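As you go down the protein sequences, you meet chains A and B in turn.
Take any residue in the first sequence, note its place counting from 1, add 93, and you have its number in the numbering used here.
Take any residue in the second sequence, note its place counting from 1, add 452, and you have its number in the numbering used here.
Simulated from the structure, these hints should not be mistaken for lab results.
Please note: incorrect hints may appear among the correct ones.
Here are the in silico distance ranges between beta carbons for each label pair [to be verified]:
(1) B:D638 - A:E418: 15 to 23 Å
(2) A:K282 - B:P509: 51 to 59 Å
(3) A:N129 - B:D471: 25 to 33 Å
(4) A:A411 - B:D471: 40 to 48 Å
(5) B:P454 - A:W445: 31 to 39 Å
Pulled from the structure, derived: some chain B residues nowhere near chain A, Cβ distances all over 12 Å [what the hints assert, rightly or not]:
(6) A475
(7) G521
(8) A551
(9) K552
(10) L563
(11) A699
(12) G717
(13) P750
(14) A774
The structure displayed is predicted, hence computed values, not measured ones.
We put the CB at the ideal spot given by N, CA and C, even for glycine.
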Amino acid sequence: MSSTSSLTREQHLELYYFLRLNRELEDQMVRLFRQNKIFGGLYSSLGQEAISVGAAYALAPGDWIAPMIRNIGALLVRGVKPREVLTQHMARYTSPTRGKDGTSHFGDWKVRHIVSPTSVLGDLIPVMTGVAMGGRYLGQKIVTMTWIGDGGTSTGAFHEGLNFAAVQKAPFVLIVENNQWAYSTPVEKQSALKDLADRARAYGMRSEIVDGNDAVAVVRTARQAVEHARAGSGPVLIEAKTMRMGGHAQHDGAEYVPRATREAWSGRDPLDRFEKLLTEKKLWDAKIKKEIDERIAREIREDVEFAENSPLPPPESAEEGVYCEGCHTVEAVWQRPKEEVMPPRSSVKAEWPLKSVSANGARPPAAKQEAPKAKPAKKPARAAARVKVKVGR
Amino acid sequence: MPETTYLEAIRQAMFEEMDRDPAVVLLGEDVGVYGGAFKASEGLLARFGWERVIDTPISESAIVGAAVGMGYAGLRPIAEMQFIDFIACAFEIITNYAAKSHYLWGAPVPLVLRGPCGGGVHGGPYHSANPEMYFVHTPGLKVVCPATPRDAKGLLKSAVRDNNPVLFFEHKYLYRRIKEEIPSGDFTVPIGKAEVRREGRDLTIVSYAAMLHASLEAATSLAKEGIEAEVVDLRTLLPLDRETILASVRKTNRLLVVHEDTRTGGIAGEIAATVIEGAFDDLDAPIRRVTSLDTPVPYAPSLEEYFRPSAAKIAAAARELARY
Numbered sequence: 094m095s096s097t098s099s100l101t102r103e104q105h106l107e108l109y110y111f112l113r114l115n116r117e118l119e120d121q122m123v124r125l126f127r128q129n130k131i132f133g134g135l136y137s138s139l140g141q142e143a144i145s146v147g148a149a150y151a152l153a154p155g156d157w158i159a160p161m162i163r164n165i166g167a168l169l170v171r172g173v174k175p176r177e178v179l180t181q182h183m184a185r186y187t188s189p190t191r192g193k194d195g196t197s198h199f200g201d202w203k204v205r206h207i208v209s210p211t212s213v214l215g216d217l218i219p220v221m222t223g224v225a226m227g228g229r230y231l232g233q234k235i236v237t238m239t240w241i242g243d244g245g246t247s248t249g250a251f252h253e254g255l256n257f258a259a260v261q262k263a264p265f266v267l268i269v270e271n272n273q274w275a276y277s278t279p280v281e282k283q284s285a286l287k288d289l290a291d292r293a294r295a296y297g298m299r300s301e302i303v304d305g306n307d308a309v310a311v312v313r314t315a316r317q318a319v320e321h322a323r324a325g326s327g328p329v330l331i332e333a334k335t336m337r338m339g340g341h342a343q344h345d346g347a348e349y350v351p352r353a354t355r356e357a358w359s360g361r362d363p364l365d366r367f368e369k370l371l372t373e374k375k376l377w378d379a380k381i382k383k384e385i386d387e388r389i390a391r392e393i394r395e396d397v398e399f400a401e402n403s404p405l406p407p408p409e410s411a412e413e414g415v416y417c418e419g420c421h422t423v424e425a426v427w428q429r430p431k432e433e434v435m436p437p438r439s440s441v442k443a444e445w446p447l448k449s450v451s452a453n454g455a456r457p458p459a460a461k462q463e464a465p466k467a468k469p470a471k472k473p474a475r476a477a478a479r480v481k482v483k484v485g486r
Numbered sequence: 453m454p455e456t457t458y459l460e461a462i463r464q465a466m467f468e469e470m471d472r473d474p475a476v477v478l479l480g481e482d483v484g485v486y487g488g489a490f491k492a493s494e495g496l497l498a499r500f501g502w503e504r505v506i507d508t509p510i511s512e513s514a515i516v517g518a519a520v521g522m523g524y525a526g527l528r529p530i531a532e533m534q535f536i537d538f539i540a541c542a543f544e545i546i547t548n549y550a551a552k553s554h555y556l557w558g559a560p561v562p563l564v565l566r567g568p569c570g571g572g573v574h575g576g577p578y579h580s581a582n583p584e585m586y587f588v589h590t591p592g593l594k595v596v597c598p599a600t601p602r603d604a605k606g607l608l609k610s611a612v613r614d615n616n617p618v619l620f621f622e623h624k625y626l627y628r629r630i631k632e633e634i635p636s637g638d639f640t641v642p643i644g645k646a647e648v649r650r651e652g653r654d655l656t657i658v659s660y661a662a663m664l665h666a667s668l669e670a671a672t673s674l675a676k677e678g679i680e681a682e683v684v685d686l687r688t689l690l691p692l693d694r695e696t697i698l699a700s701v702r703k704t705n706r707l708l709v710v711h712e713d714t715r716t717g718g719i720a721g722e723i724a725a726t727v728i729e730g731a732f733d734d735l736d737a738p739i740r741r742v743t744s745l746d747t748p749v750p751y752a753p754s755l756e757e758y759f760r761p762s763a764a765k766i767a768a769a770a771r772e773l774a775r776y
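From just these sequences and the hints, can you work out the full model?
Here it is in structure tokens:
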């Protein structure tokens, strides 16, 4: 079965579980925020869940993600539990960062290959390009993925990172989550392009446009992109068109969004659409939905309880962990013979193997390039092999 | 033991580390085919190949960002800034992302970021910077400023093996101007340890990088006048070896700090605060500074000489301090 082939019933139900869990978890966090149990800001992915869940669903277990602030769904797909998200937002000592950072700013580089988000937009593009280059160098067949908003595409790091990724043919997929608003600034004031996907053309890389509110379409498009990247054909940019259905964060009522725009999008809710699809395709019934929903409610309830019963960090722990002095080991996991990159096998003639562009600007016939290329994976990794979630246990 | 230049010591350190550990890679502008603007990486591409010596676009943020990512993937990247002035282009990703990574989410960043800094070669305002203090003010980074070939080699090897982002500032004035015999086998010099370069009883001169040599020259001429200066080479600015500074001041009771960096916000201020906090009662004179002026680095030789410290300026300040 090709990884781009259609989704099984089990996978549909699994997708529903993650989409619903994403929505319910964030709804719960809004309640906690209003109870002053979440410090700082609270950002929502309301209406954008299909992009986080669908894109992450296209990845294989060894792949890497770097979510952004509205990608809690991607974390959940990669095996992050609600309690990690909740303790993190509530600044508890049991949180993944032990209270050092809030929101969804945490990662797990070692086991689940999650690189922490940052508030500085664009940085994760060169960072994930580097992870992709590093993994390729070690002979791993990994793909890396990150997300960025429409506003983030205006940053310098976006340009530098994507350009470098394209030059390097890095196995990297970028999801441009065009929710049309960067805080209060509409996308028209961010870019003169009609489609942000066109940015990819300037870098000589492939791009796709997808309806970001259609979970199945997101999975399908992301799978194709992941396969393309894994095969060594270069990075892919996917523009997922959507709409931010809330403010920038909880404090923001988003009165600047024209009412008509929001109304137009309210009928395109990704959860509603996916549920309708499941019903139309007869992939579930009321009983199955109830089982999944009850499971989610139970999981969230248990994890909220865990988070509320967790202590805040002891004040003096603020001093810990600035430097890594033996607390972690940096380990290269080789999946190719090291001899390939060591002398004498690595020795080359130190001159450019490329023919230069001729005087009239036309390219001469393609020279055989000796610079390294990732060997194509024998078979695209199967997306189905990801973190197993039993639905309706 | 062969005589080795500061530049050759740096090249040897990279060469040997890449030979020792296949996880070590080098990336930067013109580092491959050309061997680097100062030839610090000459011969590395021929030996280690395209995958390990990576010529990049002119994109300092992408160079640093990709190096951070390579570190997460398990490599030990060395990233070169062609001139350290251009590190400003990557300031954000160094200070906001790389420096905070381990503190916030426990992900080490085994990155070396190296490049030529400093003036004295008439490089003008965009090729002479000493930007160390921007980064000394950033917890999570280490900042190394070697003054000798032996230290350059040993500290660079330590930096490659370190699990933290290490900024390694190579003073370009020293690249081909100083030579010394250095051990031929594998050796490291620990990050975070200062070294007393010259013993003395009358005052302490604390300096680093190119200004260490100006300070030593000043100390030699002072000795002819009967003033014995102790000269401390910081070697690492972050973490700062406060103990060695304090021990020297407790012995000499007078402190002069010399740096090529500009005056306001230079490391001299931090050192003065350290000594006032830790050895106030030992001081017999006010703490003095000899630094560059609070201006951009000017181009004309007459201007640049006026701008920078020199052995004569250091000696003059030391004389006053010794007489106080």
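Against the structure, the hints:
1. As the Cβ distance of B:D638 to A:E418 is approximately 22 Å, the hint placing it in 15 to 23 Å holds.
2. Between A:K282 and B:P509, the C-beta spacing of about 28 Å breaks the proposed range 51 to 59 Å.
3. Distance hint check: the CB atoms of A:N129 and B:D471 are about 58 Å apart, inconsistent with the given range 25 to 33 Å.
4. At about 41 Å, the CB distance of A:A411 to B:D471 agrees with the hint of 40 to 48 Å.
5. B:P454 and A:W445 have their C-beta atoms about 33 Å apart, which keeps the hinted 31 to 39 Å range intact.
6. The Cβ of B:A475 does not lie farther than 12 Å from every Cβ of chain A; its closest approach is about 4 Å, which violates its non-interface assignment.
7. B:G521, annotated as away from the interface, has a beta carbon of chain A within 12 Å; the closest lies near 2 Å.
8. Distance check for B:A551 against chain A: the nearest CB is about 9 Å away, which does not clear 12 Å, and the non-interface claim fails.
9. Chain A draws B:K552 into its interface by the beta-carbon criterion, the shortest separation being 8 Å against a cut-off of 12 Å.
10. Against chain A, the non-interface label of B:L563 is violated: not every CB pair exceeds 12 Å, the least being about 10 Å.
11. Non-interface call for B:A699 relative to chain A: holds, since the shortest CB-CB distance, roughly 23 Å, exceeds 12 Å.
12. A cut-off of 12 Å between C-beta atoms confirms that B:G717 is not in contact with chain A; the least separation is 21 Å.
13. Every C-beta of chain A lies more than 12 Å from that of B:P750, the closest at about 29 Å, which supports listing it as non-interface.
14. The claim that B:A774 lies off the interface holds: its Cβ sits roughly 39 Å from the closest Cβ of chain A, which is beyond the 12 Å cut-off.
Checked against the numbered hints given earlier, the structure breaks hints 2, 3, 6, 7, 8, 9 and 10 and satisfies all the rest.
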